[in-house]
Amino acid sequence: MEKRFENRLHLNNVTRYFTLSELQIDDAGVYTVENTDEGKKTKIQLTVYNVVSKPQLRECDSSSCSVVCSVENDKEVTLTLYRGEEILNQTSSPELTTDLSLRLEVEGKNYNSTYSCVAANPVSNETVHVPKCCSEDGHPNDADSDEMTGGLFIIAAICVLVASGLVGLAVYRKKSRNGHSQGRRSEQIYRNWSRTEQIYQNWSCVP
54 MEKRFENRLH LNNVTRYFTL SELQIDDAGV YTVENTDEGK KTKIQLTVYN
104 VVSKPQLREC DSSSCSVVCS VENDKEVTLT LYRGEEILNQ TSSPELTTDL
154 SLRLEVEGKN YNSTYSCVAA NPVSNETVHV PKCCSEDGHP NDADSDEMTG
204 GLFIIAAICV LVASGLVGLA VYRKKSRNGH SQGRRSEQIY RNWSRTEQIY
254 QNWSCVP
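To convert a position in the sequence shown, counted from 1, into mature numbering (1 follows the signal peptide of the UniProt record, and there is no 0), add 53.
Treat the hints as calculated values from the structure; they're not laboratory data.
Incorrect hints may appear among the rest.
[Claimed, not checked] With a Cα cut of at most 25 Å, we get these calculated SDA-like pairs of lysine to any residue:
id	residue 1	residue 2
1	LYS128	GLU179
2	LYS185	LEU141
3	LYS96	VAL86
4	LYS107	VAL171
5	LYS128	SER169
Kindly produce the complete structure, drawing on both the sequences and the hints.
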C-alpha cells in the first residue's frame, strides 16, 4: 500500500468494500482492485471534485431591472438561473480559468416571481436568491429612487455648506487686511505728527 493511503484506506470485512477517506484532488485516477480468492482484478475510475463555490451577484442594476450571477468555474460545474422551478438559462465551460456568469433581466410582468441562481457539480450545489429590483410596472423600486434622491440632496447640502464657508473665510480675510492697512496708516500719521511737533519745539527754542 502506498504511504499516502495509510490510515485512509479501509476494508469492510463483511461487505468486502474498500473505503478511501479524506479524498484529495490528487487521489483521482484509475485503481485496480484484486480479489485474490477469485483471482479477479477490477479497474475503478475515481473522480474527485471540489466543493462548488457559492455564486455571487454583481452589477445589480435597478435601472434596467437586471443582475449578473457568477461563480468560480471548476470541473463539471454548471450555473443555472431559475424562476421558481423553471430553468431560465444554464451555462458551463471546459475553460476552468474563466468564471461562469449569467445575466438575468426581469420583465415587469414577472416582478413577483422568485428567482434563484444555482451553482452545482456532481457532488455539491450552492444557491443564492436574487433580490427584487423592479416594481410592479417593471421600473426600479421606489426605495431605490428615494435612496438616490436622498443621496443627491445630501451632496447638494454639503456643497452649499462648503461654499458658504469659503465665502465667509474670504470676507473675514478681506476685513483682516483692511484692518491692518488702517492700523498702519494711523500709525504713520501719528509718527508724522510727532515729528512735526518735535521740529516745531526745536524751532521755538532757538534764541
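Checked hints:
no.	hint	verdict
1	LYS128 - GLU179	15 Å, holds
2	LYS185 - LEU141	16 Å, holds
3	LYS96 - VAL86	6 Å, holds
4	LYS107 - VAL171	8 Å, holds
5	LYS128 - SER169	22 Å, holds
Hint violations for this structure: none, all hints satisfied.
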